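So the sequences go chain by chain: B and X. Position one of the first sequence corresponds to residue 1 (my numbering), numbered consecutively onward. Position one of the second sequence corresponds to residue 498 (my numbering), numbered consecutively onward.
Read the hints as simulated data drawn from the structure, not as lab findings. These figures come from a predicted structure and were not determined experimentally. Yeah, the Cβ is synthetic: ideal placement off N, Cα and C, and Gly gets one too. Don't take each hint at face value.
[Said to hold, decoys possible] Residues from chain B shown here face chain X by an in silico Cβ test under 7 Å; the list is partial:
no.	residue
1	M156
2	P336
3	I444
4	R451
[Stated by the list, open to error] With a Cα cut of at most 16 Å, we get these calculated EDC-like pairs of lysine to aspartate or glutamate:
no.	chain 1	residue 1	chain 2	residue 2
5	X	K938	X	D982
6	B	K5	X	E795
7	X	K634	X	E795
8	B	K5	X	D876
9	B	K441	B	E426
10	X	K634	X	E875
11	B	K441	B	D16
12	B	K5	X	D982
13	X	K502	B	E49
14	X	K502	B	D379
15	X	K502	B	E390
16	B	K137	B	E390
Each chain is listed here by its residues.
2 protein chains.
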Amino acid sequence: MTSRKTPLDATLDPADPSGWASLRATLHEAADRLLDHVRDQREIPVWQEMPDADAARITSLIGSEGAGVAEAWRALEEHVLPFGVGNVHPRFMGWVNGAGTPGGLVASLAEAAINANVGGRNSGAARVERAVLDWAKRAFRFPESASGILTSGTSMATVIALAAARQALADWDVETEGLGTEGARFRVYASGPTHSCVESALRLLGLGRRALRRIDTDGRGHIDLGVLRERIAEDRAAGLRPLAVVGNAGTVDVGAIDDLAGVADVCDEEGVWFHVDGAFGALAILSERLRPRLAGIERADSIAFDFHKWMHVTYDCGCVLVRNETHHRAAFRSRPEYLEGQRSGLAAGEPWFCDYGPELSRGFRALRVWFLLAEHGEDDVSRAIEGSVERAEYLAARVDREASLERLAPADLNIVCFRVVPRPGEDGDALNAEVVAEVQKRGIAAPSTTRLGGTLAIRCCLMNHRATLEDMDVTVDGILHVAEDLRSARGSPRVSP
Amino acid sequence: MTSRKTPLDATLDPADPSGWASLRATLHEAADRLLDHVRDQREIPVWQEMPDADAARITSLIGSEGAGVAEAWRALEEHVLPFGVGNVHPRFMGWVNGAGTPGGLVASLAEAAINANVGGRNSGAARVERAVLDWAKRAFRFPESASGILTSGTSMATVIALAAARQALADWDVETEGLGTEGARFRVYASGPTHSCVESALRLLGLGRRALRRIDTDGRGHIDLGVLRERIAEDRAAGLRPLAVVGNAGTVDVGAIDDLAGVADVCDEEGVWFHVDGAFGALAILSERLRPRLAGIERADSIAFDFHKWMHVTYDCGCVLVRNETHHRAAFRSRPEYLEGQRSGLAAGEPWFCDYGPELSRGFRALRVWFLLAEHGEDDVSRAIEGSVERAEYLAARVDREASLERLAPADLNIVCFRVVPRPGEDGDALNAEVVAEVQKRGIAAPSTTRLGGTLAIRCCLMNHRATLEDMDVTVDGILHVAEDLRSARGSPRVSP
Numbered sequence: 001m002t003s004r005k006t007p008l009d010a011t012l013d014p015a016d017p018s019g020w021a022s023l024r025a026t027l028h029e030a031a032d033r034l035l036d037h038v039r040d041q042r043e044i045p046v047w048q049e050m051p052d053a054d055a056a057r058i059t060s061l062i063g064s065e066g067a068g069v070a071e072a073w074r075a076l077e078e079h080v081l082p083f084g085v086g087n088v089h090p091r092f093m094g095w096v097n098g099a100g101t102p103g104g105l106v107a108s109l110a111e112a113a114i115n116a117n118v119g120g121r122n123s124g125a126a127r128v129e130r131a132v133l134d135w136a137k138r139a140f141r142f143p144e145s146a147s148g149i150l151t152s153g154t155s156m157a158t159v160i161a162l163a164a165a166r167q168a169l170a171d172w173d174v175e176t177e178g179l180g181t182e183g184a185r186f187r188v189y190a191s192g193p194t195h196s197c198v199e200s201a202l203r204l205l206g207l208g209r210r211a212l213r214r215i216d217t218d219g220r221g222h223i224d225l226g227v228l229r230e231r232i233a234e235d236r237a238a239g240l241r242p243l244a245v246v247g248n249a250g251t252v253d254v255g256a257i258d259d260l261a262g263v264a265d266v267c268d269e270e271g272v273w274f275h276v277d278g279a280f281g282a283l284a285i286l287s288e289r290l291r292p293r294l295a296g297i298e299r300a301d302s303i304a305f306d307f308h309k310w311m312h313v314t315y316d317c318g319c320v321l322v323r324n325e326t327h328h329r330a331a332f333r334s335r336p337e338y339l340e341g342q343r344s345g346l347a348a349g350e351p352w353f354c355d356y357g358p359e360l361s362r363g364f365r366a367l368r369v370w371f372l373l374a375e376h377g378e379d380d381v382s383r384a385i386e387g388s389v390e391r392a393e394y395l396a397a398r399v400d401r402e403a404s405l406e407r408l409a410p411a412d413l414n415i416v417c418f419r420v421v422p423r424p425g426e427d428g429d430a431l432n433a434e435v436v437a438e439v440q441k442r443g444i445a446a447p448s449t450t451r452l453g454g455t456l457a458i459r460c461c462l463m464n465h466r467a468t469l470e471d472m473d474v475t476v477d478g479i480l481h482v483a484e485d486l487r488s489a490r491g492s493p494r495v496s497p
Numbered sequence: 498m499t500s501r502k503t504p505l506d507a508t509l510d511p512a513d514p515s516g517w518a519s520l521r522a523t524l525h526e527a528a529d530r531l532l533d534h535v536r537d538q539r540e541i542p543v544w545q546e547m548p549d550a551d552a553a554r555i556t557s558l559i560g561s562e563g564a565g566v567a568e569a570w571r572a573l574e575e576h577v578l579p580f581g582v583g584n585v586h587p588r589f590m591g592w593v594n595g596a597g598t599p600g601g602l603v604a605s606l607a608e609a610a611i612n613a614n615v616g617g618r619n620s621g622a623a624r625v626e627r628a629v630l631d632w633a634k635r636a637f638r639f640p641e642s643a644s645g646i647l648t649s650g651t652s653m654a655t656v657i658a659l660a661a662a663r664q665a666l667a668d669w670d671v672e673t674e675g676l677g678t679e680g681a682r683f684r685v686y687a688s689g690p691t692h693s694c695v696e697s698a699l700r701l702l703g704l705g706r707r708a709l710r711r712i713d714t715d716g717r718g719h720i721d722l723g724v725l726r727e728r729i730a731e732d733r734a735a736g737l738r739p740l741a742v743v744g745n746a747g748t749v750d751v752g753a754i755d756d757l758a759g760v761a762d763v764c765d766e767e768g769v770w771f772h773v774d775g776a777f778g779a780l781a782i783l784s785e786r787l788r789p790r791l792a793g794i795e796r797a798d799s800i801a802f803d804f805h806k807w808m809h810v811t812y813d814c815g816c817v818l819v820r821n822e823t824h825h826r827a828a829f830r831s832r833p834e835y836l837e838g839q840r841s842g843l844a845a846g847e848p849w850f851c852d853y854g855p856e857l858s859r860g861f862r863a864l865r866v867w868f869l870l871a872e873h874g875e876d877d878v879s880r881a882i883e884g885s886v887e888r889a890e891y892l893a894a895r896v897d898r899e900a901s902l903e904r905l906a907p908a909d910l911n912i913v914c915f916r917v918v919p920r921p922g923e924d925g926d927a928l929n930a931e932v933v934a935e936v937q938k939r940g941i942a943a944p945s946t947t948r949l950g951g952t953l954a955i956r957c958c959l960m961n962h963r964a965t966l967e968d969m970d971v972t973v974d975g976i977l978h979v980a981e982d983l984r985s986a987r988g989s990p991r992v993s994p
């Protein structure tokens, strides 16, 4: 396929109309095949491991000579497409992954053709992102004056939120001077099951793991406000500087929602930043049924959440909202001369998103959010969210009816944690880990695992808008069946428990 | 379009085969229109501002009810598509933006259908990313044992690289303890024109702006190694801790490449981290002609660079490579219990990319890099890079022949900086800023501006693989024409200079 082009005519576009025509044919072929792939998920295994031979082929295809677009597509179709993470499939229940939508293919195609860097400049892309942020501010009843930015996900959103908190609470010029001795005294408070992204953000920001104070929870996994108050008082007495409290809108293990209004009260009293980790749960705000559980979220100083989870925007796409735009901007603004804003033309247009986060290059992910909302509307998204909660309720009830299964946590939202009850002499953790791996390998379903009070749990996170009640039964049946198979293979006694 | 779905049947997929058929029709229509959009760029203005009416329509389309996929696409086509940043057009020469490729549409479509979160887990997506990183390591002659991760761009890559440097050079447990008093002494060295992303990374990492020591440059914009050595010695004498030196592989203002082997020597002698900011220039490594200018880059401890710039991968897509995997991983690893790796199944597979950067949710951008390389091969990419350097040489020569233009910097690589020579009494900076804005607004071409030694320059960054030598002439003619028009409008005398 190699043409001996000179540098001056070495465009990466097709060289002539027939080249454009074959590229067009490949694009249509890919569109058909990829749409079928999404539509027909139920007919393929949830997950299959990529064989080494396919990985080798992938590697061998990138070298000095190109294969052309048709051949590259065929290789993608054959060697990459079958080996996804599984989250598009209706029986994927692992971790907290959105399933995507077929309409998302249209949005991603447009995103690629527009190919905008939305770090700054005066473009329609920046205006679409502002429209999405304005919508999000309204959804969370944040003031119009609040700021925000789309991110790869809640991990980055948390980094940005806590950098804004640091800027707000430092009584010195922390952007110039750095943390210094005083900054080393900052402490952040969050319940035990709070996601590791908070600790990771504190490490990145130079505060270290020890800056995070893990606060005990009550029986339902909610932060204990009394203990929180005590801990803050102790730290103040020891000369430390309470910086922020993180409230959870859906913990990753069991989906617990902290008493956000209670956390807001503590933050008001103490004059510390109130951050909400709403990675998946915050979007429950769209549902009339679920919204009351998030009461208090509208008082947060910052909210981090993902569009690629419960809203099924194509990966990756998260968001941070910050109530006080001044602190947000002060934590990041640093435009160099070559990016100097101008009164008009391409270099005009405020705000520039590079002033609100660490990325100067950033794609047009806002288009995916906008498209999904334009296509489906809030109401359908809200119903899809409620549907996954109803499926969790159904699954929990089914688990409770099975004598050989036991639930390990309340299913307050959309996550059901349980295990196969070990028989005398069995290692329950090993058994359940093996059951999950085997259910995945057989392509039946893809739950994940977590540890609750030291015990390994099978964790089913119901998120997928494609799933049905029947999928819940297929999953439970599969788990029971696989457990018996594993026991037989080991020669364990098939006694009734 | 609203169906009164119950939550349990509220999927975001089409409800029936006819729904799938219309979605398919929209996808094909979009594919045709978007491919035309890329192909026919030369026939439309480089850039046009989005009118407020279109912005208002965009906003009004996201509400409680969805419009359906066909209507959402039509709105996208009418109100978003015409108002990009301009970088797809052959006469976009602003900032440092890649142009994308039409083959990239196939890759993005597949990325959306696969919809992988490549933060971790055992998937083909992770293996594609590893293949791309292995390719990059070979290109830069990094050891096989080196690590890396794809990022949104060089800004995030720089944060990751400097976090790894911090981890490597701290003689205490900086991940647990944070920077503390010792960490506050870290200093990083880089030439004056070094990109602001280095300063931004240091702020984010808690070191503050003052941790960056700007080192003088020689007449061609290269870091002065003598001054660098002196500055490090002074800082050591003052009890500070030199952490890293940043070498430039293409400064953003004029495209200067530091003496990277010289910087490597200083770093070896001083025992500090050698980071290369190769945002756009590092990929010159693919060209036999340009490669010698990067001599020394293979000795770096870390390299940050972008695939979306000189390689034209669809936005966003950057990369960081780290020579010593141990430090890289130690700076980020923090997997919580629900992500505990398993021996087999979906939760197996090493490495997990969330252990090498701050993102747990991260899309499958590796597919775009892989696809571009599979389609075109290194040789065509390399020739396209060389072509843009040849166009810069042509443009510089044309500018030098025009009496009313003057060059303001050497055009060492692919960036040409010049200005319209002001006439007596004219404010040269104001004139040139206005010329650039007007050339953009008329849709003729999109150069940007920068300041060189305090003087505002018209900056043409030649990157676009679609551009021709004729585009260079059209741009210069347009600039000369617009300057005269602006002078006429002001009543300035049309004297020959």
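Cross-check of the supplied hints:
Annotation: M156(B) was flagged as interfacial toward chain X, and the flag holds, the nearest CB pair being 6 Å apart, inside 7 Å. For the restraint placing P336(B) at the interface with chain X, the shortest Cβ-Cβ distance is roughly 4 Å, inside the 7 Å limit, so the hint holds. For I444(B), the interface hint is violated, since its Cβ never comes within 7 Å of a Cβ in chain X; the closest pair sits about 12 Å apart. Here the hint on R451(B) is kept, as its CB sits about 4 Å from the closest CB of chain X, short of 7 Å.
The suggested pairing of K938(X) with D982(X) holds, with an alpha-carbon distance near 14 Å, which does not exceed 16 Å. Taking the CA atoms of K5(B) and E795(X), the gap is about 29 Å. The hint is violated against a cut of 16 Å. Note on K634(X) and E795(X): the hinted pairing holds, with a Cα-Cα distance of about 9 Å set against a maximum of 16 Å. Restraint check for K5(B) and D876(X): the C-alpha separation of about 10 Å stays at or below 16 Å, so the hint holds.
Under the criterion of a C-alpha separation no larger than 16 Å, the hint pairing K441(B) with E426(B) is inconsistent with the structure, at around 22 Å. About 14 Å separates the Cα atoms of K634(X) and E875(X), which keeps this hinted pair within 16 Å; it holds. For a cut-off of 16 Å, the pair hint linking K441(B) to D16(B) is broken: about 47 Å separates their Cα positions. With a C-alpha separation of about 40 Å, the suggested pair K5(B) and D982(X) falls outside the 16 Å cut-off, and the hint is violated.
Pair hint K502(X) plus E49(B) does not hold up; C-alpha atoms about 36 Å apart against a cutoff of 16 Å. Straight-line distance between C-alpha atoms of K502(X) and D379(B) comes to about 10 Å, which keeps the hinted pair within the 16 Å bound. This hinted pair checks out: K502(X) and E390(B) have alpha carbons roughly 14 Å apart, not beyond 16 Å. In summary, the hint linking K137(B) to E390(B) is not supported, as the alpha carbons are separated by about 27 Å, beyond the 16 Å threshold.
Against the hints set out earlier in the document, violations occur for numbers 3, 6, 9, 11, 12, 13 and 16.
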